[in-house]
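Novice: As you go down the protein sequences, you meet chains A and B in turn. Per the working numbering, residue 1 is the first one in the first sequence, and the count goes up by one each step. Per the working numbering, residue 1001 is the first one in the second sequence, and the count goes up by one each step.
Rather than coming from a laboratory, the hints here were simulated on the basis of the structure. Treat the hints loosely; a few may be bogus.
As a list, the in silico EDC-like pairs of lysine to aspartate or glutamate whose alpha-carbon atoms are at most 20 Å apart [to be verified]:
(1) A:264 x A:281
(2) B:1015 x A:250
(3) B:1056 x A:5
(4) B:1084 x A:240
(5) B:1118 x A:250
(6) A:193 x A:204
(7) B:1015 x B:1029
(8) B:1056 x B:1032
(9) B:1083 x A:332
(10) B:1116 x A:332
(11) B:1083 x A:204
(12) B:1116 x A:250
(13) B:1221 x B:1198
Here chain B is said to cover these stretches of chain A; the calculated rule only asks that three of the stretch's residues, wherever they fall, bring their Cβ under 8 Å from a Cβ of chain B [as the list claims (entries may be wrong)]:
(14) 108-118
(15) 322-333
Please read all numbers here as calculations on a predicted model, not as lab measurements. C-beta atoms are modelled at their ideal positions from N, C-alpha and C, and glycine is treated no differently.
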Amino acid sequence: MKFIESFIIAIRSLSANKLRSVLTMLGIIIGVGAVIAIMTGGAGMENYVTSTLEDLGTDILYVQPVNPDAPGAAGMAPGFAIPTLTLDDAEAIARIPSVLGVAPTNENFVELTFGNETIASVIEGTTPEFQDVGNYEMASGQFISERNVASRDNVVVLGSDTAKDLFGDEDPVGQNVKIKGKRFTVIGVLAAKGSAMFGFSLDEMVVVPITTYQTRLFTLRTSSGEDAVQSIGVLVSGPEVMDDVTADIETTLRKRHRIDEDEKDDFSIVSMEQMIGVFTDITGVVSIFLAAIASIGLLVASIGIMNIMLVSVTERTREIGIRKAVGAKRRDILLQFLIEAAALSLVGGAAGIAFGWTLALAISFIAGLAGFPLQATLSPLHVIIAVGVSLFIGLVSGMYPAVRAARLNPIDALHYE
Amino acid sequence: MVELENITKIYRMGKVEVPALRGVTLEIEQGEIVAIIGASGSGKSTLMNIIGCLDKPTLGRYIFDGADVSRLSDNQLAEMRNKKFGFVFQTYNLLPRASALSNVELPLIYSGGLHKHKLAMEALERVGLGPRAKHRPTELSGGEQQRVAIARALVNNPALILADEPTGNLDSVSTAEIISIFRQLNQDGITVVVVTHEMDIASQTRRIIRLYDGKIISDEKVA
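Produce the entire structure from the sequences given, and follow the hints as far as they go.
Specialist: Right, here's the structure in full:
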């Protein structure tokens, strides 16, 4: 018997029991749907994090203080970290070959006041090279200058959203704002970047000279009493020199901090690439974990298919007897029921992909409303996996009932009431 | 055509062995029309199942058309049923959701031949049901359903048609119709074996084999 005929027989008997077929498929639809929603949502999450981090620049290293006595990554946590970096460290790093710019940066939350308007903002104390390192364009005015840094001027550059919130359509350049009760003159406004980092928009910050920040706003000292720097952004000439520069920074800083050979670093160097890698790993693991939980649904669906196929075989014992009496071989009967189970779960799987995709779109839409522009991505790989898994489930759960049907004795089957 | 030699069939019901046939020896020639009669439990259905390759004998030899079929595998038996035999049952055994035409096509699906519709239609016309080809079994009378079953038995050009109480569920008019179809088919050259317990029907064949308790007790030609 030809395969296509078995297929037609299977489809006919499925459509003869429409409600039952649909209910059985529902298990597969929900199972596959949940897995697809998680996978596509996870891929969207990964893309979002990656592109956000890439917006910050991929040729950048960050040097941060670490408490060498704290175990593992805890040394980087705010509670454990002790300030070890200084502006002189930043200058020393700037002299390393292939380093295009360094941006020592301190940051904190502040309130900004203009007239009666007060808004909360993130303040960055840094140097002129921050503009190159972070790839910022000016919308108007100018960025902070070497002179501003040298003379600890009370000048501030506003992020585009901050400027809009405080001044509306008015040009803020030349106006004065108050930060921690001190008066700062606005010298420039950054062009909008549009990207957000975990809900905090880069357009909502304000930038002041790091010296001003250290002396007038937030004091932070190293153990030797120098003004401390929280992190140093390092712009390098390209990805190929990343490793060399990392090694050079390490040597330079160990020397400057007089760290003995057998002692651990009191700083850490992280590249944007590493951070992207870490986030990609995390989202990958999380979505695989969630998908694994969701695939319990597929197991249940598979039991449902097996159950309904067993019922179907029992119900159609007489039909099997008739088919055998007119010449159907074991293989023909086996194929008929296997195809029926496979068709059941394949159609369910296809509907599940559509359902999961819709679900992922809905989730990304809601996330978009909440300020996370997630782009749910349905990759062909996910579709192939889902179809493959559905087919596999159909065949596995259909096998036992089909074998039972094929083994029936024709006489017993014919006389089954 | 059919040569049975000392055929014995024993059913096992748990630990109890129930003999259904005890040493049946029988020959049926091509072109015959034969009735097998006996009370219920006499083993006549078992005999028919063995002749039709639906069942295997426990002991004995069965030669069909010169070939020993008593030791064939399940798949080879299925092939025999498909190509050599046509079955007609008391309860018609049609697929309830399929049209008369689809029911008649069923053996052709498993023989993998071409022109299924044409052959099935011809078979239906042979039993006078051409106009009802699209009807489902539930839309047909008992007599018509049995004629569909006969068309299904005919469609693969079998050497032998086996009918197990074919008129058991039918009124006298339909019974006469069915019997006359069998006689016509026999005149066309097909060997026919009818299992029945009704003497009226058996007397319309040319040979009556009487079974009692798993043995042949008489085998006589009808005048």
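Novice: Which hints, by number, does the structure contradict?
Specialist: The structure breaks hints 1, 2, 3, 4, 5, 7, 8, 11, 12, 14; every other hint is satisfied.
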